[in-house]
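Peer 1: One letter stands for each residue in the lines below.
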Amino acid sequence: MEFFVQLLVNGLSIGFLYALSALGFVMIFKSSSVLNFAHGELLAIGAFFFLILAASAKVPIVLCFALTLLGCFALGFIIERLFLRPLIGEALIQVIMLTVGLAAMFKGLMLFIFGGNFFKYPSFLPAALSVTWGMINVPSAYVASFIIGLFFLGLFGFFFKYSSQGIYMRAVADHQTAALSLGVHVRRVFALSWAIAAVVCAVSGIVLGIMHGVNVHELSSIGLKVFPVVILGGLDSIGGAIVGGIIIGLLETFTGGYISGSLGEVIPYIILVFILLIKPYGLFGSVEIERV
Amino acid sequence: MKAFRGQPTIFAAAQPDNRRAELTVEALSLQFGGLVALQNINLNVKTGELLAIIGPNGAGKTSLLNCMTGYYHPQQGRITFNGEAITGLHPHKITERGIGRTFQNIELFPGASVIANLLLARHIHCHYSVGLAALFWPSVKREEVRHRRVVEEIIDFLEIQSIRKKPVGSLPYGLRKRVDLGRALALEPKLLVLDEPFAGMTLEEKEDIVRFLVELNEAWGQTMILVEHDMSVVMSISQRIIVLDFGKKISEGSPEVVQNHPEVIKAYLGDSG
Amino acid sequence: MRKLKFRPCGNFKERYEQDIAIFETDFGRVWVWVGLVLLLSSVPFIAGSYTLYIINSIGIAAIAAIGLNILIGYTGQISLGHAAFFGVGAYAAAILATKMGFPFWLSVLAAGGIAALVGMIFGIPSVRLKHLYLCIATLAGQFIIEYVLMNWEGLTNGPAGIILPRATLFGLDISGDQSFFWVVFVCLALMCWMAVNLIRSRYGRAFIAIRDNDLAAEGMGIPIFRYKLLSFGISSFYAGFAGGLWAYYTTSITPEPFTIFLSIQYIAMIIIGGLASIPGSVFGAIFIIILNETLSRITEYIMNTGILSGIALTVAPLREFVFGLAIVLFLIFEPRGLAEVWRVVRSSFRLWPFSY
Amino acid sequence: MKKDILLQINNISVVYSDVIQILKGVSLAIGEKQIVSLLGSNGAGKTTTLRAISGLLKPENGAVTEGTIEYEGRSIQNAPPETITRLGIIQVLEGRPPFEHLTVEENLRVGTAARSGRFSKQDLDLVYHYFPPLLARKRSLAGYCSGGELQMLAIGRALMAKPRLLLLDEPSLGLAPLLVKEIFEIVGRINKEQGTTIVVVEQNASMALQLAHYGYVMENGKIVMEGAASELRENPDVKEFYLGIASSGTLKTYKDVKAYKRRKRWL
Numbered sequence: 001m002e003f004f005v006q007l008l009v010n011g012l013s014i015g016f017l018y019a020l021s022a023l024g025f026v027m028i029f030k031s032s033s034v035l036n037f038a039h040g041e042l043l044a045i046g047a048f049f050f051l052i053l054a055a056s057a058k059v060p061i062v063l064c065f066a067l068t069l070l071g072c073f074a075l076g077f078i079i080e081r082l083f084l085r086p087l088i089g090e091a092l093i094q095v096i097m098l099t100v101g102l103a104a105m106f107k108g109l110m111l112f113i114f115g116g117n118f119f120k121y122p123s124f125l126p127a128a129l130s131v132t133w134g135m136i137n138v139p140s141a142y143v144a145s146f147i148i149g150l151f152f153l154g155l156f157g158f159f160f161k162y163s164s165q166g167i168y169m170r171a172v173a174d175h176q177t178a179a180l181s182l183g184v185h186v187r188r189v190f191a192l193s194w195a196i197a198a199v200v201c202a203v204s205g206i207v208l209g210i211m212h213g214v215n216v217h218e219l220s221s222i223g224l225k226v227f228p229v230v231i232l233g234g235l236d237s238i239g240g241a242i243v244g245g246i247i248i249g250l251l252e253t254f255t256g257g258y259i260s261g262s263l264g265e266v267i268p269y270i271i272l273v274f275i276l277l278i279k280p281y282g283l284f285g286s287v288e289i290e291r292v
Numbered sequence: 001m002k003a004f005r006g007q008p009t010i011f012a013a014a015q016p017d018n019r020r021a022e023l024t025v026e027a028l029s030l031q032f033g034g035l036v037a038l039q040n041i042n043l044n045v046k047t048g049e050l051l052a053i054i055g056p057n058g059a060g061k062t063s064l065l066n067c068m069t070g071y072y073h074p075q076q077g078r079i080t081f082n083g084e085a086i087t088g089l090h091p092h093k094i095t096e097r098g099i100g101r102t103f104q105n106i107e108l109f110p111g112a113s114v115i116a117n118l119l120l121a122r123h124i125h126c127h128y129s130v131g132l133a134a135l136f137w138p139s140v141k142r143e144e145v146r147h148r149r150v151v152e153e154i155i156d157f158l159e160i161q162s163i164r165k166k167p168v169g170s171l172p173y174g175l176r177k178r179v180d181l182g183r184a185l186a187l188e189p190k191l192l193v194l195d196e197p198f199a200g201m202t203l204e205e206k207e208d209i210v211r212f213l214v215e216l217n218e219a220w221g222q223t224m225i226l227v228e229h230d231m232s233v234v235m236s237i238s239q240r241i242i243v244l245d246f247g248k249k250i251s252e253g254s255p256e257v258v259q260n261h262p263e264v265i266k267a268y269l270g271d272s273g
Numbered sequence: 001m002r003k004l005k006f007r008p009c010g011n012f013k014e015r016y017e018q019d020i021a022i023f024e025t026d027f028g029r030v031w032v033w034v035g036l037v038l039l040l041s042s043v044p045f046i047a048g049s050y051t052l053y054i055i056n057s058i059g060i061a062a063i064a065a066i067g068l069n070i071l072i073g074y075t076g077q078i079s080l081g082h083a084a085f086f087g088v089g090a091y092a093a094a095i096l097a098t099k100m101g102f103p104f105w106l107s108v109l110a111a112g113g114i115a116a117l118v119g120m121i122f123g124i125p126s127v128r129l130k131h132l133y134l135c136i137a138t139l140a141g142q143f144i145i146e147y148v149l150m151n152w153e154g155l156t157n158g159p160a161g162i163i164l165p166r167a168t169l170f171g172l173d174i175s176g177d178q179s180f181f182w183v184v185f186v187c188l189a190l191m192c193w194m195a196v197n198l199i200r201s202r203y204g205r206a207f208i209a210i211r212d213n214d215l216a217a218e219g220m221g222i223p224i225f226r227y228k229l230l231s232f233g234i235s236s237f238y239a240g241f242a243g244g245l246w247a248y249y250t251t252s253i254t255p256e257p258f259t260i261f262l263s264i265q266y267i268a269m270i271i272i273g274g275l276a277s278i279p280g281s282v283f284g285a286i287f288i289i290i291l292n293e294t295l296s297r298i299t300e301y302i303m304n305t306g307i308l309s310g311i312a313l314t315v316a317p318l319r320e321f322v323f324g325l326a327i328v329l330f331l332i333f334e335p336r337g338l339a340e341v342w343r344v345v346r347s348s349f350r351l352w353p354f355s356y
Numbered sequence: 001m002k003k004d005i006l007l008q009i010n011n012i013s014v015v016y017s018d019v020i021q022i023l024k025g026v027s028l029a030i031g032e033k034q035i036v037s038l039l040g041s042n043g044a045g046k047t048t049t050l051r052a053i054s055g056l057l058k059p060e061n062g063a064v065t066e067g068t069i070e071y072e073g074r075s076i077q078n079a080p081p082e083t084i085t086r087l088g089i090i091q092v093l094e095g096r097p098p099f100e101h102l103t104v105e106e107n108l109r110v111g112t113a114a115r116s117g118r119f120s121k122q123d124l125d126l127v128y129h130y131f132p133p134l135l136a137r138k139r140s141l142a143g144y145c146s147g148g149e150l151q152m153l154a155i156g157r158a159l160m161a162k163p164r165l166l167l168l169d170e171p172s173l174g175l176a177p178l179l180v181k182e183i184f185e186i187v188g189r190i191n192k193e194q195g196t197t198i199v200v201v202e203q204n205a206s207m208a209l210q211l212a213h214y215g216y217v218m219e220n221g222k223i224v225m226e227g228a229a230s231e232l233r234e235n236p237d238v239k240e241f242y243l244g245i246a247s248s249g250t251l252k253t254y255k256d257v258k259a260y261k262r263r264k265r266w267l
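Chains as they are written, first to last, in this note's numbering: chain E, 1 to 292; chain S, 1 to 273; chain B, 1 to 356; chain P, 1 to 267.
Excised from the complex, chain E in its bound form (with noise of 0.2 Å):
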């Protein structure tokens, strides 16, 4: 029983994390149908970018977190500026084929910069962030996980539904010649749509920092995970992002604490084919309705 409810307890805050590093990919997936494929990537950039700050630069805590969050803003706007206004116009596969090419070549700077090893934040989280409930421990990362995920949807959920850009950038998800009809700055919205994700793949990379250890391969596989949490809650919803994101950290850590480890890393990708299967749109997914 303890055992599990401590994995109930993981399961949820995993998924927490994978629902957030996932809102940043159906951010860009809603603003311009482009699949993400570097989005591991991202999440690595922004985890790696704070643990420079916090242990080698030793700067305050609170000044790395606002300056990661600043720096993966400005890189989201240079990778779009740069890579991707460039295939405005082109096929979609082609920009896909591009954020693959993308993740490639992050991937292997990282590496090649910090190698394939283990690294650990210096602990900052305040001892008295974590709670015990009878036998069962939870640890402050966890805790932190929950809270700053919690806060961060509530923030997008908001943006998306009252402000005026969040709104514009769901215009031009539906219509992109209509939004520009109406004088909405698309070129911006695309440059700030790849901005907010970068930024939430940077919150989403350092809490799996806190939590795991930071590390190239560990984090960029996490990347790859977003696909079954988003096809299970529907590419462009974010509920379904939260919800699906629960999901499958649940039967992630099942899977891995009751049969096998290896099992759990694949559970989500069994799971992914089996839904496609039944219900191509996701739980929550807009049905593409086509006219002839």
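Treat the hints loosely; a few may be bogus.
To be verified - When the alpha-carbon atoms are kept at most 27 Å apart in a straight line, the in silico DSS-like pairs for lysine-lysine are as follows:
| # | chain 1 | residue 1 | chain 2 | residue 2 |
| --- | --- | --- | --- | --- |
| 1 | S | 248 | P | 181 |
| 2 | P | 181 | S | 266 |
| 3 | E | 161 | P | 162 |
| 4 | S | 166 | P | 24 |
No lab work stands behind these hints: they were computed from the structure.
Position chains S, B and P against the provided structure of chain E, taking the given hints into account.
Peer 2: Just chains S, B and P, lined up with the frame of chain E:
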């Protein structure tokens, strides 16, 4: 041996049996979500007939065509073609049974040449297998050449010889519509379904297409369903007209009958004419 | 006797047969035959064993890349699991050869067939999926197959791998670099020819139609699902066939190489070579394999000179970075790939010195 | 008849993808607070003309290669749409594409993107005043609206930007005749009450000429005729080719197409 203009061997060679095209639509209803697109539609098409379907935009004409060609699946009713039920079949199955169509928004393959577009439509008439195709067996080659010949006849018939190797995307709108018609003809359909073939054409282009359609219908006995807005075309070439409004059939009959039907005038033609 | 036709200035075709031929002129056909004969008769004797190894790797990669190009370039279905199907082929050949005692040619062919079956299973989601979702399904395929190869120890020996018997054909030992060269390149030439044939038949036209506009394709009587599956099957057959050859060539296989990174390499090959171009796939394979070798040479050199002795420099990250860069640069500057470059070079040559 | 000129197009040519020429020297002038209608068959270049004005050629890979477009004396040809919309020129696209996954009210909010000020309740009320059906559906997703509601939404969205020049592309497309009448009445009211200058591109020539003050007829990328709407309505060629009435006063017939081709005199 080359067929001269106006005598395409594929049309001439078609046996009366192969031209048989009896389509019946019974009590057809179609809904999208809560929206009723078609309501209790009955109609029939006889071999050799040119039937026109008219009605205001959004009256359900294209929906009706999409039901007949398998793109939409009606909730109620049945469609039979030459005695065989085709309700709810996939579009490709219906095409195989001999209903060929053109599209309202021209769904051609823009990067491919005119010839390639027409050859694609010969797909259902190709019978070789993957293995033989990979080896390009002499029989495959013979078949390809035969299809090529058919396609050339259609190109001759539609007078588009000069553009046969051009990518379709580079052609002006009117010519693209003509290629679209050619592609439907390359299917050798028993029943040809045309979705607004005249939309957006200049007067001259319209007259050309009218000539082709009249010739197909009168000289070669091609059965056709025509959905069109241009009243002057519809009234002068069709033998029978069905009028739809808000998903319902409000009138049916010869052009004269329809033209003077009070409900049609009210819903569609308007007072001016 | 028929006159050989060189480059005609104008359209002199008299029969439709000429219009559907692969080569526009006899000149082109002769060139290819001459090239092929020269390649097969000279290279194995000139090249050293290391060069031959690279050339053989290129040949095998090119076969797999052609398969991927049929799927991605012609049918428009993105696949991220090509390396897995390559792996399935390699393992199928190894298992058939060791456990069932199949001869070389049969186990390589069967490897293609088994990979095709597995590929079609992962193509089933394409019934209702558009390309975006589909490429995720193939990603799942990649991970699931990787897992199976690693964990089904009864069949695959797990991480320990399998050692294959020497390859023999008609009683001759062909496992050496030199003799394997002939096998690989005869196969490559055949596979190229078959792919080109497929593309100019009704199947190729149907694939392209599905890529460009599947709704209209259906209206032309093309059963989309069956053709998508067929495309998956053909593509995986090529991958499996190449995998089988590769297993025999390296003589021992483990699950390690068949990762998503290899899948990305194949994608890089066809993007750099040129989507929807059979010669492009071969160019891409040449480019990537040579790049690969050059990079490992460079890192080796740097390691040996000891300039960077303090840093643990490995070739993998550098290679990954350069691949990524190559994909990105080609997509931005020459989206139609090396095949387009080759076309431009060739036509400017042909028209030289009157280049208008 | 023409008052102060708000927009002046001088002899523009538009080319798509560097090769396909759609407009071949089009000139027109649009007077302040007027309704101008642009007639002609599909493919004549009407939509292209609107796109040239609103800057939406670029996404279609088109560009103005010659001539100028002057808006209040300022050249705006080939300016990006972000700039042009901020000058008060808003185009309502053909086919009235909605933002399907946004509610009606959110759709309207997007309309304020081109404006400097924040959106306010009054703007929304103004739109609901002209289009009461939208108020009833303000919380439902635009994807579920009917064709008529979508057209109202599209025009309403444009109104949110407080445009000085409104470009309407085929507002009647796919609408039942009665609805067309209603929409055209509202457009007329907007013109009168808000003083918005309006350019209407229409296939439904009789409707457009009743509404407009002035009209242009386009054919093959050229302007072939212009004049006050009332004059155009009486012109025999316009009657025959655009209103579909033969000189005898009956509908034209295609019975004789094999025999002869009636040519347009101006081609």
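Peer 1: All the hints need checking, so say for each whether the structure fits it.
Peer 2: The hints, checked one at a time:
1. 248/S with 181/P: Since the Cα atoms of residue 248/S and residue 181/P sit roughly 22 Å apart, the hinted pair holds (cutoff 27 Å).
2. 181/P with 266/S: 14 Å, holds
3. 161/E with 162/P: Holds, because 24 Å separates the two Cα atoms, which is no more than 27 Å.
4. 166/S with 24/P: Roughly 24 Å between the alpha carbons, so the hint for residue 166/S and residue 24/P holds.
When held up to the earlier numbered hints, the structure conflicts with none and fits them all.
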